[in-house]
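S.K.: Let chain D serve as the given structure and place chain E on it in line with the hints.
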Amino acid sequence: MRVGLIVLGAVALMATGARAETVGVAAAVNQSATGVAPGSAMRTLTLGDQIIHDEQIVTNNQGLLQILLADGSSFTVGPNSSLKIDSFVYDPNANSAKLVATVGTGVFRFIGGVASKAPGGVEINTPVGTVGIRGGISNLDFSGAKPFHIDMVYGVGVTLSSGQKIIGNLYHSGYSIVIDPNGKAGVLKTPPEWSAQFQIQMAGSNSGNVNGNKVAGALGNTNKTKAPKEEKGDGKTASAGDHLGPVATWGQINNSDLKNVTARYDGTYSADLTYTGPSTHVPASSTINNNPFALVYSFADRSGTTYFGLLHTGDPVPSPTNGSNVTLYQLVHNTSGHGYHLAPYQVFIPSTASLTSIKIDVDSPAGRGFATFGTSTTTGGALATTAEVNGLFLNTDAGVAQAVAGTVDTSVTILGNTFDLNGAFAGNLTSTTPPTP
Amino acid sequence: MTVAVPAHAASNVEPQLTGPQLADIEAQRKALFQKMLAEPSNVDLALQYAELSSQTGDLEGAISALERLLIFAPQVARLNYELGVLYMRLGAYEQASTDFKAALASPDVTDDIKTNAGKYIAIADQQVKGDYLIGTATAGVRYQTNANGGALDPFISLNGIEYQLSASALADPDYNAYMTAVIQASHDMQNQGDRFNLDASLYLSKYRKHSELDTIAGQVEVGPVLALDKYGLKGATLQLIGIASVVELSAVPYLYALGVGGVLTTVPGPGASMQTRFEYIWEAYQASVDRPDADQLSGPRARLTQTAQVQANDYFRLYGTAYGERKVGEVGYQSAWEAGISAGAKIAFGAGDDVPAASLDMQVGVTKRVYDESDGVTLPEARNDKSAYVQATLDIPLTAKTSILTIAGYRTQISNYEINTFDDASLTLALNTDF
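Chains as they are written, first to last, in this note's numbering: chain D, 1 to 437; chain E, 1 to 435.
If we strip away everything but chain D, and leave its shape as in the complex, we get (with noise of 0.2 Å):
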């Protein structure tokens, strides 16, 4: 996924009433996006790339794309994603323009131009109706993460059409058409989640491209920060002061001291998992919704082992109540003196806890953590013999992703009985604490 720098060509500006191959440009990509034209082969779209009119655009889930068009309006793309850009036309003499896109799957950000400005001027065909966007800012979600949602950040007027039919109507800003999974639209106050979901997936990761300190340092930050060092293959050591990103890469922990280095990123996250074994007590299947978790980052030293791993607060867990193993993963130091790897940890869950929330601690540096259960604290005792989760966080060069997914292949030991665990999962990560050193 090449993110590079390649000079645009000039966007031709349209005559009145003429359609024009060029609709816009892309102004900004950060990771995968392709773009497939109208009897064209699929290419991967880079930086300054000319969008073309009905080139089907489509991201994958890391991916970040915004498009700017000639009038001023922009479409930022999420992570899997697809828009295509139908029609767009402006004369700049007369200030006017019409746009008509159409978005499938995934999460969009619409800024209005002068298209906006006008009754009209705006049409989104989407999988729930059209919308039409009158002056202003809107967020549009169809990943199927939440219920369908069309959010009015600012403007004069979103509505939502089956048909001749309106069907969702916006006037106030702050507000959502939500349509159910029946295809009934309602209108409610746009949930704090909801945008702050949005902030998340509309930024991207630092790309190297246009780097952070160019920008502070064009906003006259007057308290610079390193920018993370690129990834580097010969294990060089960054200074001990440097910071981690909110999601730090596999290249900034390979490169760079990690002295006494914390951060912790939190989130939630579903799961579904089965169960099958001898013993009736183990309930067959569980499915978690929306639980929180998060994911710490805690560093002794670089030549030590340090560990980080799934913390679980707050709801009830609805995993086996007779005790079990949780396998965590510790960051080791390799032996050949350069960069980390992964290995199993576990905890042991004792039976006779009344399990209503599970807390595990790993920052000990004996190799044990510590389990709460309820009200009562052990420390962990017993480990089975073989337990390893897979997958747990997508381990990529572009750093233990904000979308955590994989798959649950496991077997678990509880008093003799061994029990398989298999399932899914998968969640978000936000970083409410900043790396710290």
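Honestly, the hints are just simulated from the structure, not real lab data. Each hint should be verified, as a subset may be incorrect.
[Claimed, not checked] Result set (EDC-like, lysine to aspartate or glutamate): computed pairs, CA atoms no more than 20 Å apart in a straight line: (1) D/Lys-189 x E/Glu-373; (2) E/Lys-35 x D/Asp-54; (3) E/Lys-119 x E/Glu-373; (4) E/Lys-30 x D/Asp-91; (5) E/Lys-327 x E/Glu-373.
M.R.: Positioned in the frame of chain D, the structure of chain E alone reads:
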């Protein structure tokens, strides 16, 4: 087919510049936009474009440019902070709060960002929360040259016969201590701007000599405030109110009133607002030993008030009011038509880091009142009064929420019924606090 857009519709808020300066900046902005299309990763171009867009009032253009940089550099505190400020200016408080919180979570957050973002988050979250309770209380001392509104001339003519007024009917200076409290409780009905408001006010005064003027007055207005954005009237509201008030003079009931009203508020343009208020109130005045004929004032009062206000810039506001009123009493000589106009200006100056700006507010006004009938004693003609007033208020903040008020005023009334001709100069020193 393209859709024509009026030129003024391109800005979200009032431009910071006007005239040739604005045209010049607009031209620079258009040229910058073309360069930006060619070099979308050029940080300097994007930031210049955002700054010029902000100056011309196109905050969406500024936001688009800064959010593009956010895709490349999400962890820059200043970037998230500036976006928060732009969203605050648009009134998109939820998004503003989100951006300010992102600024605080950024690794390069500076102390000034922490301080300012914290303040803005509190304001934005309060706006988003919807429900609020606000109020203001004032306590002060006032000196009046004619506290009892007495006649200036000890000799008056009643139907051509000259009488000498008693001392108690003549103008007399006095001090009074007073207190006012005004609160507004507002409930967000979660229906795209509709609210339910309750406004209550209380006034207490105690005179040093003229205890017959000691006053306790309270008024409550309650009712829904309906947002009219759905009808294309952006920022406009229609408030329906029930009104109730009670007045006691010298610890004796003087007035009970109950009524209904409506207030239409519109926003004709950035920084401007107009309000049309109508109220219809039934007033029941109570006779007493000090005011044996007060009940003759009982009856309905209908009043229509039109107010216009323009905030020219951060430091200067102009406002004006015109009203017309019909009061019907139990007797014709207590029934009257009244109309008046007033105009004022408020100038702010000297804002500090932690306190708001001081201000000087000056108002002038005139009214005319014409009664229906002669009182049968003073003159064959019905009474008619003309009055004028001027008032200046100096507000010096002590903290973010408290200030000292110095109010100087002069009022004069000229009536064909000489006993009702008077003037009064006043000076007030008060402490005001918001909560």
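S.K.: All the hints need checking, so say for each whether the structure fits it.
M.R.: Status of each hint after checking the structure:
no.	hint	in the structure
1	D/Lys-189 x E/Glu-373	violated (57 Å)
2	E/Lys-35 x D/Asp-54	violated (25 Å)
3	E/Lys-119 x E/Glu-373	violated (60 Å)
4	E/Lys-30 x D/Asp-91	holds (14 Å)
5	E/Lys-327 x E/Glu-373	holds (13 Å)
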